[in-house]
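Top to bottom, those sequences are chains A and U. Letter 75 of the first sequence, counting from 1, is numbered 75 in our numbering, and no numbers are missing. Letter 61 of the second sequence, counting from 1, is numbered 61 in our numbering, and no numbers are missing.
One thing to keep in mind: the hints can contain errors.
Label pairs and their computed distance ranges (CB to CB) [unchecked claim]: (1) U:Val55 with A:Leu110: 29 to 37 angstroms; (2) A:Asp30 with U:Gln14: 41 to 49 angstroms; (3) U:Thr81 with A:Ser67: 40 to 48 angstroms; (4) A:Thr79 with U:Gly16: 46 to 54 angstroms; (5) A:Arg106 with U:Lys51: 47 to 55 angstroms; (6) A:Lys9 with U:Gln58: 38 to 46 angstroms; (7) U:Gln80 with A:Pro8: 28 to 36 angstroms; (8) U:Ala109 with A:Ala81: 33 to 41 angstroms; (9) U:Gly16 with A:Thr77: 31 to 39 angstroms; (10) A:Asp59 with U:Gln80: 19 to 27 angstroms; (11) A:Ser7 with U:Ala109: 15 to 23 angstroms; (12) A:Phe12 with U:Lys51: 44 to 52 angstroms; (13) U:Gly53 with A:Asp38: 29 to 37 angstroms.
Derived pair list, reagent style DSS-like, types lysine-lysine, alpha-carbon separation capped at 27 angstroms [stated by the list, open to error]: (14) U:Lys96 with A:Lys57; (15) A:Lys57 with U:Lys59; (16) U:Lys56 with U:Lys70; (17) U:Lys36 with U:Lys59.
If you're looking for bench data, these hints aren't it; they were derived computationally from the structure. If you're wondering where the values come from, they're calculated on a predicted model, not measured in any experiment. Note that the Cβ used here is the ideal one computed from N, Cα and C, for glycine as well.
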Amino acid sequence: DGGITQSPKYLFRKEGQNVTLSCEQNLNHDAMYWYRQDPGQGLRLIYYSQIVNDFQKGDIAEGYSVSREKKESFPLTVTSAQKNPTAFYLCASSGGETGHFGDGTRLSIL
Amino acid sequence: GQQVMQIPQYQHVQEGEDFTTYCNSSTTLSNIQWYKQRPGGHPVFLIQLVKSGEVKKQKRLTFQFGEAKKNSSLHITATQTTDVGTYFCAAWGTYKYIFGTGTRLKVLA
Numbered sequence: 001d002g003g004i005t006q007s008p009k010y011l012f013r014k015e016g017q018n019v020t021l022s023c024e025q026n027l028n029h030d031a032m033y034w035y036r037q038d039p040g041q042g043l044r045l046i047y048y049s050q051i052v053n054d055f056q057k058g059d060i061a062e063g064y065s066v067s068r069e070k071k072e073s074f075p076l077t078v079t080s081a082q083k084n085p086t087a088f089y090l091c092a093s094s095g096g097e098t099g100h101f102g103d104g105t106r107l108s109i110l
Numbered sequence: 001g002q003q004v005m006q007i008p009q010y011q012h013v014q015e016g017e018d019f020t021t022y023c024n025s026s027t028t029l030s031n032i033q034w035y036k037q038r039p040g041g042h043p044v045f046l047i048q049l050v051k052s053g054e055v056k057k058q059k060r061l062t063f064q065f066g067e068a069k070k071n072s073s074l075h076i077t078a079t080q081t082t083d084v085g086t087y088f089c090a091a092w093g094t095y096k097y098i099f100g101t102g103t104r105l106k107v108l109a
């Protein structure tokens, strides 16, 4: 079955460390997105990509970076510049008619 | 930038009561999507509305797109405990989806 796979499910970051969250899709979707969700809050857009080798900043891109070298993959790096990274991170893709989300990665600070 | 407001933020209902959440935009929308997120889970796509005044039904759920395509609603008839979760609307902005703040529904048995 087609879908989106996010890994790891849980991730812990040390002070000053960069960590990378993986997102892979086999839905053949062009568009992919990264959202951040804080407890009891809505989804805020970090980065999005409409096509390979191109991506755009969302509303809260500071302290994050992405790449889109392959259609299937859209990894998100949480850099040490992100001072409050503890959150639930959701990757999504869209083929136009529907949006599909991965199961998410919960990131915490050690 | 484009914003999507969703009300209410929280709603507690007794099982069997009806529930409605509203999504409002300051700009005309090309389409709107609705998602449900169970506690601890990820958003799951429910439906997409495209046409002005469109109404779609999924069993006890009724989705409506306003005539001016600036607002939408989700109505659940006779809620059940399985309806618990947060309901989000998502509007298509410029090359990206913008999510509403969500309505968290609790159903009391």
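Each hint tested on the structure:
no., hint, result
1, U:Val55 with A:Leu110: 29 to 37 angstroms, "50 angstroms, violated"
2, A:Asp30 with U:Gln14: 41 to 49 angstroms, "45 angstroms, holds"
3, U:Thr81 with A:Ser67: 40 to 48 angstroms, "43 angstroms, holds"
4, A:Thr79 with U:Gly16: 46 to 54 angstroms, "49 angstroms, holds"
5, A:Arg106 with U:Lys51: 47 to 55 angstroms, "38 angstroms, violated"
6, A:Lys9 with U:Gln58: 38 to 46 angstroms, "29 angstroms, violated"
7, U:Gln80 with A:Pro8: 28 to 36 angstroms, "34 angstroms, holds"
8, U:Ala109 with A:Ala81: 33 to 41 angstroms, "46 angstroms, violated"
9, U:Gly16 with A:Thr77: 31 to 39 angstroms, "48 angstroms, violated"
10, A:Asp59 with U:Gln80: 19 to 27 angstroms, "35 angstroms, violated"
11, A:Ser7 with U:Ala109: 15 to 23 angstroms, "36 angstroms, violated"
12, A:Phe12 with U:Lys51: 44 to 52 angstroms, "47 angstroms, holds"
13, U:Gly53 with A:Asp38: 29 to 37 angstroms, "35 angstroms, holds"
14, U:Lys96 with A:Lys57, "11 angstroms, holds"
15, A:Lys57 with U:Lys59, "38 angstroms, violated"
16, U:Lys56 with U:Lys70, "17 angstroms, holds"
17, U:Lys36 with U:Lys59, "15 angstroms, holds"
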